[in-house]
Amino acid sequence: MPRTADLLGPSKERPGDNLGTVPIFAQRKWDCPPLGCRIIPDVLTGSLVAAGLLAISLLAPTEKTMGDAQRILYVHVAAAWCGLAGFLIVAASGLLYLLRRDLGWDHWAQAAAEIAWLSCGLTLVTGSLWAHAAWNTWWTWEPRLAATAILWAVSSGYLIVRSGVEDPHRRARAGAVLALVGAADIPLVIMATRWFRGIHPVSPQMEPAMRVALLLSIVAFSAFFGLLLVRRRGQLRLERLLGAMEREADG
Amino acid sequence: MSFPRRQPRTASPAWQERHKMGTFVAAYAAVWLAVVLYVARLGAQQRQLARSVEGLQLRLEQRDAEQRSPSVAA
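Those protein sequence lines, which keep their order, are chains A and B. Quick note: the first sequence uses this note's numbering, first residue 1, plus one each step. Quick note: the second sequence uses this note's numbering, first residue 252, plus one each step.
Keep in mind the hints are simulated off the structure, nothing from the lab. There could be a bad hint or two in this list.
[To be verified] Using C-beta positions, here's what the derived DEER-type ranges look like:
no., chain 1, residue 1, chain 2, residue 2, range
1, A, Arg-170, B, Arg-314, 17 to 23 Å
2, A, Val-219, B, Trp-283, 17 to 23 Å
3, B, Glu-317, A, Gly-46, 42 to 48 Å
4, B, Gly-306, A, Arg-38, 22 to 28 Å
5, B, Leu-309, A, Gln-235, 55 to 61 Å
[As the list claims (entries may be wrong)] To spell it out: a stretch of chain A is covered by chain B in this simulated footprint if at least three of its residues, at any positions, have a beta carbon under 8 Å from a beta carbon of chain B; those stretches are:
no., segment
6, 120-134
7, 233-242
Think of the CB as a built atom: it goes at the ideal place given N, C-alpha and C, for glycine as much as any other residue.
I would like the entire structure built from these sequences, with the hints used as guidance.
Next up, the structure:
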């Protein structure tokens with residue numbers, strides 16, 4: 001695949017290239033040598049994920065009551081963390097878009113919304129499997145479960161609303177407003193176990209080896225979803241750039 | 252007509268252990284399936300972008316060649 005830099009040539013000022021303020025590491029991505037910038041993050045993330053899997057399977061001891069089913073916790077908590085962080089990025093990017101009217105932030109918001117939707121969905125699925133093993137029910141309208149389901153529904157709505165609007169600025173505006181409204185659910189998800197009486201564990205006591213496995217799992221998930229976020233955002237930027245260049249080529 | 256009563260799930264400790272391991276495996280399979288599907292979608296979009304870039308490059312080259320040819324003839 002030809003690099004964007006090859007198409008753009010040496011000049012940085014091109015019509016349609018007003019892609020907004022983006023972090024330096026993301027701007028330089030397309031100009032870096034492939035081995036330097038593309039392989040190393042992949043290898044590091046892959047190693048972290050492998051280390052996380054090994055820690056969950058081998059390092060973490062088997063829990064007495066739930067047995068191996070308790071190991072779901074390590075991936076469930078990590079997915080929940082990524083979902084919350086992802087939606088926080090959506091809301092923050094939406095706010096920055098509204099303040100600066102810069103579509104660069106909207107690309108971050110869309111990429112983060114996809115990650116948040118995926119992570120929230122995985123949180124619900126793994127939580128449901130855990131609940132069946134622990135509480136003998138697939139689902140219960142417990143405050144934290146309900147708040148997480150609402151967050152997943154909001155991220156689904158966010159993606160659906162975006163897909164229905166053609167104009168990029170209108171799409172970004174609608175998405176930003178929806179994300180800011182939906183972000184009100186984030187403190188509810190975090191504090192639900194403290195504010196309301198429910199059956200979801202607050203912060204269970206764990207052995208040090210379990211804590212290490214959980215921490216490693218969270219770090220591995222964050223790195224992996226972070227990498228996906230950066231790659232997806234790069235795709236969105238390239239899509240917009242290509243659209244602008246095609247319009248220019250059509251005359 | 253009556254059906255025989257289903258065996259309770261806690262029939263034997265060995266079955267229980269297998270069930271717990273099955274739940275763990277199901278959760279991990281769900282996670283990895285979702286991740287693989289999302290990454291495959293990203294890959295498909297990347298290939299589509301690559302085709303668009305190549306198409307655009309070709310069009311720009313053709314346009315340049317067309318613009319150059321009258322001047323050569325002149």
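Hints and how they fare:
1. Arg-170(A) x Arg-314(B): 17 to 23 Å: violated (32 Å)
2. Val-219(A) x Trp-283(B): 17 to 23 Å: Holds - the Cβ-Cβ distance for Val-219(A) and Trp-283(B), about 18 Å, lies within 17 to 23 Å.
3. Glu-317(B) x Gly-46(A): 42 to 48 Å: For Gly-46(A) against Glu-317(B), whose Cβ atoms are near 47 Å apart, the range 42 to 48 Å holds.
4. Gly-306(B) x Arg-38(A): 22 to 28 Å: Cβ of Gly-306(B) to Cβ of Arg-38(A): about 23 Å, so the range 22 to 28 Å holds.
5. Leu-309(B) x Gln-235(A): 55 to 61 Å: The hint (55 to 61 Å, Cβ to Cβ) is violated, given that Leu-309(B) and Gln-235(A) are roughly 21 Å apart.
6. 120-134: Three-residue rule met by the segment 120-134 of chain A, so holds; n is 8.
7. 233-242: That given contact holds, which follows from 4 residues of the segment 233-242 of chain A lying within Cβ reach (below 8 Å) of chain B.
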